[in-house]
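**Q** Residue strings, one per chain:
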Amino acid sequence: MPQIAQLTADNWYLASQLFWLLVVFAGIYVVIGRGMLPKIEATVDARDRKVADDLAAAKAAHAAADALEESYRQQGDASRAAAQKAVSDAKDKAAKDAEKRLAKVDAELGEKLAAAEADVSAARSSAMAEIESVAAEAASELVARLSGVKVAAADAKSAVKAVLHG
Amino acid sequence: MAAESGKIDPMHQFEVTPLGGGFNLGGHEVLFTNSALWMVIAAVVLGLFMWGGMRRQLVPGRWQAAVEGFTGFISNMMMANIGTEGRKYTPYVFSLFMFILFCNLLGMLPLGVLGLHPFTVTSHIAITGVLALLSFSIVLVVGFWRHGLHFFSLFVPHGTPLPMIPFIAVIEFISFMIRPFSLGLRLFVAMTAGHVLLKVLSGFVINGFNAENAVIGSVVSLLSFTLMIGISALELLVAGIQAYVFALLTSLYINDAVNLH
Chain A
1 MPQIAQLTAD NWYLASQLFW LLVVFAGIYV VIGRGMLPKI EATVDARDRK VADDLAAAKA
61 AHAAADALEE SYRQQGDASR AAAQKAVSDA KDKAAKDAEK RLAKVDAELG EKLAAAEADV
121 SAARSSAMAE IESVAAEAAS ELVARLSGVK VAAADAKSAV KAVLHG
Chain B
1 MAAESGKIDP MHQFEVTPLG GGFNLGGHEV LFTNSALWMV IAAVVLGLFM WGGMRRQLVP
61 GRWQAAVEGF TGFISNMMMA NIGTEGRKYT PYVFSLFMFI LFCNLLGMLP LGVLGLHPFT
121 VTSHIAITGV LALLSFSIVL VVGFWRHGLH FFSLFVPHGT PLPMIPFIAV IEFISFMIRP
181 FSLGLRLFVA MTAGHVLLKV LSGFVINGFN AENAVIGSVV SLLSFTLMIG ISALELLVAG
241 IQAYVFALLT SLYINDAVNL H
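These protein sequence lines map, in sequence, to chains A and B. If you count the first sequence from 1, position 118 lands on 118 in the numbering used here, and the numbers rise without skipping. If you count the second sequence from 1, position 150 lands on 150 in the numbering used here, and the numbers rise without skipping.
Because the hints were derived from the structure by calculation, they are not lab data. Treat the hints with care, since some could be wrong.
Chain A regions said to be covered by chain B (calculated; three or more residues, Cβ under 8 Å) [as the list claims (entries may be wrong)]:
1) 26-40
2) 44-56
FRET-style restraints, in silico, Cβ to Cβ [said to hold, decoys possible]:
3) 65/B with 49/A: 14 to 20 Å
4) 133/B with 35/A: 21 to 27 Å
5) 7/A with 244/B: 33 to 39 Å
6) 2/A with 150/B: 40 to 46 Å
7) 80/A with 84/B: 53 to 59 Å
8) 35/A with 65/B: 18 to 24 Å
9) 71/A with 65/B: 42 to 48 Å
10) 37/B with 7/A: 18 to 24 Å
11) 7/A with 26/B: 15 to 21 Å
Distance condition first, Cα-Cα at most 30 Å in a straight line; then the derived BS3-like pairs of lysine-lysine [said to hold, decoys possible]:
12) 85/A with 100/A
13) 93/A with 104/A
14) 199/B with 50/A
15) 88/B with 39/A
16) 93/A with 112/A
17) 91/A with 104/A
Note that the structure is a prediction, hence the values are computed from the model and not measured. Glycine is no exception: its CB is placed at the ideal position from the N, C-alpha and C atoms.
Kindly generate the complete structure, drawing on both the sequences and the hints.
**A** If you want it as structure tokens, here you go:
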């Protein structure tokens, strides 16, 4: 068995085996174990970190989107409430304004009505006075034509007044 | 494969033959042998394999994924067995695992068909023994470096009753000292046994076809050949498992040195 023989007898190839094993294994350790392996592990680590970072970023973005949506909703609610308040305020104000204007217009109309009524009564009384004087003239003229008696204007007037006012 | 006059020597495959390039090193003649050649081939193939995985892309291709699978396998093993401190020893255990794995697998190549002679480096106890001693020395150096004489508490497990300590310590010490031998022997025996078995069966195949009784000989040959196919598959599995076992035990022993019990 050559494997055992090299250990027992003073064999020529034991030294060669050990020498080349140490040379080759040292080469593998230095070049591959120390040189290539850390780079490959660094690549794997970088990838793992990238994946973890991306996942964290995605989670953060998700949370931010949720917060944004929440604030958007709150803003919407607030602005809707503000709009409703503005509308009701405007309604109240408009109603009050209308009331005020209505009252003012009412008062003006009342004044105008009163003035008009006063005018009407004044016109009526002046018309009445005119009618009286016209009737008195007419009556005195009639009397003069019919009887030739001149009636004093004041008498005619009082007579007409008595007839007109009963 | 000394098929002289129909006789096949299953041990011939383990023979070391000089290929030249000798020089003297401390009174020993060092020659470049077929064993050294296959170590170099394993190192070169391993280097090419690793080089293909060095593209460092964010999304790995097939080759890079394969290489990262191996590195991840070993670094996860170190992480699981030793913890974060295990990263320091990953280069050594990875080199060990890949070297043994590639030597095991290259020794299985059916290059005999082309007239070449694949030599299984790990079927020599001189090789596996040195690798085991290397692991064992790392354990000793790390253990005494980190814990000083406290490292001897390794031989007294926690909770040992006081009167049992002398016996337990002796048993633990023996089991500790036996580690490099069991580590080296396991790989050597598995590789040697597998290759001897394959060679014996292939001898059956050849001798069966050359037998005087052609019918029985053919039956024997075909059965042996079928068996060889199965055992070749098994040997590929063993090649991976033995490399894994060697690396796993090394990591467990380093864990003893780093964390004690």
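**Q** Indicate, hint by hint, whether the structure satisfies it.
**A** Right, here's what the structure says about each hint:
no.: 1; hint: 26-40; in the structure: holds (count 12)
no.: 2; hint: 44-56; in the structure: holds (count 4)
no.: 3; hint: 65/B with 49/A: 14 to 20 Å; in the structure: 18 Å, holds
no.: 4; hint: 133/B with 35/A: 21 to 27 Å; in the structure: 25 Å, holds
no.: 5; hint: 7/A with 244/B: 33 to 39 Å; in the structure: 26 Å, violated
no.: 6; hint: 2/A with 150/B: 40 to 46 Å; in the structure: 44 Å, holds
no.: 7; hint: 80/A with 84/B: 53 to 59 Å; in the structure: 57 Å, holds
no.: 8; hint: 35/A with 65/B: 18 to 24 Å; in the structure: 20 Å, holds
no.: 9; hint: 71/A with 65/B: 42 to 48 Å; in the structure: 45 Å, holds
no.: 10; hint: 37/B with 7/A: 18 to 24 Å; in the structure: 21 Å, holds
no.: 11; hint: 7/A with 26/B: 15 to 21 Å; in the structure: 19 Å, holds
no.: 12; hint: 85/A with 100/A; in the structure: 22 Å, holds
no.: 13; hint: 93/A with 104/A; in the structure: 16 Å, holds
no.: 14; hint: 199/B with 50/A; in the structure: 51 Å, violated
no.: 15; hint: 88/B with 39/A; in the structure: 14 Å, holds
no.: 16; hint: 93/A with 112/A; in the structure: 28 Å, holds
no.: 17; hint: 91/A with 104/A; in the structure: 20 Å, holds
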